[in-house]
Amino acid sequence: MSDHDHHHDHDHSDLSETELRVRALETILAEKGYVEPAALDLLIETYETKVGPRNGARVVARAWADPAYRVRLLRDATPAIAELGYAGRQGEHIVAVANTPRLHNMVVCTLCSCYPWPVLGLPPVWYKSAPYRSKAVKDPRGVLRDFGFELPEGTEVRVWDSTAEIRYLVLPMRPSGTEGWSEERLAELVTRDSMIGTGLPKQPHEVA
Amino acid sequence: MEGAHDMGGVPWSSPVRPEPNEPVFHSEWERRAFAITMAMGMPGGWNIDMSRFAREDRLPADYLGMSYYQIWLAGLERLMLDRGLVASDEIEAGKPLHPAKPVAKTLSPEDVAAVLHRGGPTERKATRPAMFATGDRIRAKTIHPPTHTRLPRYVRGHVGVIERVLGCHVFPDSNATGAGEDPQWLYTVTFTGPELWGEASDPNLKISVDAWEPYLEPA
Chain A
111 MSDHDHHHDH DHSDLSETEL RVRALETILA EKGYVEPAAL DLLIETYETK
161 VGPRNGARVV ARAWADPAYR VRLLRDATPA IAELGYAGRQ GEHIVAVANT
211 PRLHNMVVCT LCSCYPWPVL GLPPVWYKSA PYRSKAVKDP RGVLRDFGFE
261 LPEGTEVRVW DSTAEIRYLV LPMRPSGTEG WSEERLAELV TRDSMIGTGL
311 PKQPHEVA
Chain B
1380 MEGAHDMGGV PWSSPVRPEP NEPVFHSEWE RRAFAITMAM GMPGGWNIDM
1430 SRFAREDRLP ADYLGMSYYQ IWLAGLERLM LDRGLVASDE IEAGKPLHPA
1480 KPVAKTLSPE DVAAVLHRGG PTERKATRPA MFATGDRIRA KTIHPPTHTR
1530 LPRYVRGHVG VIERVLGCHV FPDSNATGAG EDPQWLYTVT FTGPELWGEA
1580 SDPNLKISVD AWEPYLEPA
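Sequence lines, in order, name chains A and B.
Add 110 to a position in the first sequence, counting from 1, and you land on the number used in our numbering.
Add 1379 to a position in the second sequence, counting from 1, and you land on the number used in our numbering.
Worth double-checking, as some hints may not be accurate.
Unchecked claim - Label-pair restraints from in silico Cβ distances: (1) B:Ala1505 / A:Ala318: 48 to 54 Å; (2) A:Arg185 / B:Thr1556: 42 to 48 Å; (3) A:Ala148 / B:Met1510: 29 to 35 Å; (4) B:Arg1462 / A:Ser286: 53 to 59 Å; (5) A:Glu155 / B:Pro1390: 36 to 42 Å; (6) B:Lys1480 / A:Ser126: 27 to 33 Å.
As the list claims (entries may be wrong) - Computed cross-link-like contacts, SDA-like style, restricted to lysine to any residue with a CA-CA straight-line distance of at most 25 Å: (7) A:Lys160 / B:Thr1485; (8) A:Lys238 / B:Lys1484; (9) A:Lys238 / B:Ala1483; (10) B:Lys1474 / A:Arg131; (11) A:Lys142 / B:Asn1400; (12) A:Lys238 / B:Trp1576; (13) B:Lys1504 / A:Gly198; (14) A:Lys312 / A:Leu261; (15) B:Lys1504 / A:Leu184; (16) A:Lys160 / A:Lys142; (17) A:Lys142 / B:Pro1399; (18) B:Lys1474 / A:Glu146; (19) A:Lys160 / B:Lys1504; (20) A:Lys142 / B:Pro1402; (21) A:Lys312 / A:Ala175; (22) A:Lys160 / B:Ser1467; (23) B:Lys1480 / B:Ser1467; (24) B:Lys1484 / A:Glu202; (25) A:Lys238 / A:Phe259; (26) A:Lys238 / B:Thr1485; (27) A:Lys142 / B:Trp1576; (28) A:Lys160 / B:Trp1576; (29) A:Lys238 / B:Ala1453; (30) B:Lys1484 / A:Val181.
Honestly, the hints are just simulated from the structure, not real lab data.
Model, not experiment: these values are computed from the prediction.
All C-beta atoms, glycine included, are put in the ideal place defined by N, C-alpha and C.
Turn these sequences into a full structure, and let the hints steer you where they fit.
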């Protein structure tokens, strides 16, 4: 992360001015009685500690371990995901799409930053960035090279642009060499990026 | 509206740069900007389409010159100013100068979990049959509304295929202006790479958008 500051240059310019502006705005809203500071703290805590890609990893691991669950997930993902307790804001209507040896799925929101919060949490900066939003729909293989991997020639690449309130979750392929693994162990292999389609699951030796 | 937010296919020189072990927020002000934006939805009474329009309805230099949560903040300020919940002199002064406007409801800590879990489903009961079925060939209309729309520029005028019928959903173009939900049939429409980007495109590439019926015509 040595080049962190170059990732999103304007994130760090006039930071102090923005910092002061936000602090003042929160004070105004709290003093006017529009927001309750304890509710704000809870919102932050929820997305920093409870709602994140570990949720999605549990969904994927179950789909890998339980063929009937996989069928339910691919047929109608919203109720299947709710079986594990994940639902709501920015995940009201979820569609799960499965990778196969011949098909690779990738999810983007070219217009803003739509992302399946209940299963993946809040989106990373790169997902919201201009390079990803512009390039994913035109040169997804180039995006994958930015992430350090190359798809085999001939693989169909399928890009889902989340332009409505449908949110997409990629179901990556289960790595070989994981026969008989528990759902908990399988979930360790599932990375956030593998559920967006910009990465692959870890291999068994990476979590041994 | 046409704006810098509509980024699909726009040439961009820099690569995508993933950040290893990225934190959820990069600073304290991002945490607070996120939280006040989420919490103000209830007393503010606006909908998600109004929020999106408030963020994207700005000149390209303005939009591209701000970070993600700076855009959220600018959108939130716009929504609150428009409704008289805060005044610009208060934002400049950094403190309240006028009495609060009465609001119907605020978000209490006890309600946070339930409100998030409930979310805001957009599917509505259909009042008429869908015009298109899976497999139909359609053309995305060439439209340039001055108001909010969710039909990205890069598919306008292009021919695609209906891949899924997603039900009847709140229509953002109407909902963003306050003209009501006006639910419309929503479809996943799939285009080939060469159709959108020309002969040089990967023939094994397919791209879909989710498009409401008023965006589409038979092809």
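Structure-based check of each hint:
Look at B:Ala1505 against A:Ala318: about 52 Å separates their beta carbons, and that is inside 48 to 54 Å. A beta carbon spacing of about 36 Å between A:Arg185 and B:Thr1556 contradicts the range 42 to 48 Å that was offered as a hint. One distance hint, 29 to 35 Å for the beta-carbon pair A:Ala148 and B:Met1510, is violated here, with the actual separation near 48 Å. For B:Arg1462 and A:Ser286, the hinted distance range of 53 to 59 Å is satisfied, since their beta carbons lie about 57 Å from each other.
At roughly 40 Å, the beta carbons of A:Glu155 and B:Pro1390 sit within the given window of 36 to 42 Å. The hinted range of 27 to 33 Å is satisfied by B:Lys1480 and A:Ser126, whose Cβ atoms lie roughly 30 Å apart. A threshold of 25 Å between alpha carbons decides the hint, and for A:Lys160 with B:Thr1485 the separation of about 23 Å falls inside it, so the pair holds. Distance restraint check for A:Lys238 and B:Lys1484: the Cα-Cα separation of roughly 31 Å exceeds the 25 Å cut-off, and the hinted pair is therefore not satisfied.
Between A:Lys238 and B:Ala1483 the alpha-carbon distance is near 33 Å, which puts this suggested pair outside the 25 Å criterion. Simply put, B:Lys1474 and A:Arg131 have alpha-carbon atoms about 10 Å apart, close enough for the 25 Å limit, and the pair holds. At most 25 Å may separate the alpha-carbon atoms for a hinted pair to count; A:Lys142 and B:Asn1400 exceed this at roughly 38 Å. For a cut-off of 25 Å, the pair hint linking A:Lys238 to B:Trp1576 stands: about 22 Å separates their Cα positions.
This hinted pair checks out: B:Lys1504 and A:Gly198 have alpha carbons roughly 19 Å apart, not beyond 25 Å. Of the pairs offered as hints, the one joining A:Lys312 and A:Leu261 holds, with about 16 Å between alpha carbons and a cut-off of 25 Å not exceeded. A C-alpha spacing of about 23 Å is found between B:Lys1504 and A:Leu184, which places the hinted pair at or below 25 Å, so the restraint holds. Distance restraint check for A:Lys160 and A:Lys142: the Cα-Cα separation of roughly 30 Å exceeds the 25 Å cut-off, and the hinted pair is therefore not satisfied.
Annotation: proposed proximity of A:Lys142 to B:Pro1399 is violated, straight-line Cα distance about 40 Å (limit 25 Å). A threshold of 25 Å between alpha carbons decides the hint, and for B:Lys1474 with A:Glu146 the separation of about 16 Å falls inside it, so the pair holds. Taking the CA atoms of A:Lys160 and B:Lys1504, the gap is near 33 Å; set against the 25 Å cutoff, the hint is violated. At roughly 31 Å between alpha-carbon atoms, A:Lys142 and B:Pro1402 are farther apart than 25 Å, so this suggested pair is violated.
For the suggested pair A:Lys312 and A:Ala175, the alpha carbons sit about 16 Å apart, so the restraint of at most 25 Å is met. Note on A:Lys160 and B:Ser1467: the hinted pairing is violated, with a Cα-Cα distance of about 36 Å set against a maximum of 25 Å. About 15 Å separates the Cα atoms of B:Lys1480 and B:Ser1467, which keeps this hinted pair within 25 Å; it holds. For the suggested pair B:Lys1484 and A:Glu202, the alpha carbons sit about 23 Å apart, so the restraint of at most 25 Å is met.
For the hint linking A:Lys238 to A:Phe259, the alpha-carbon distance of about 21 Å falls within 25 Å, and the restraint holds. For the hint pairing A:Lys238 with B:Thr1485, the CA-to-CA distance comes to about 29 Å; that exceeds 25 Å, so the pair is violated. Between A:Lys142 and B:Trp1576 the alpha-carbon distance is near 51 Å, which puts this suggested pair outside the 25 Å criterion. For the hint linking A:Lys160 to B:Trp1576, the alpha-carbon distance of about 41 Å lies beyond 25 Å, and the restraint is violated.
The hinted pair formed by A:Lys238 and B:Ala1453 meets the criterion: a straight-line CA distance of about 17 Å does not exceed 25 Å. Under the criterion of a C-alpha separation no larger than 25 Å, the hint pairing B:Lys1484 with A:Val181 is inconsistent with the structure, at around 41 Å.
Of the numbered hints listed earlier, those contradicted by the structure are 2, 3, 8, 9, 11, 16, 17, 19, 20, 22, 26, 27, 28 and 30.
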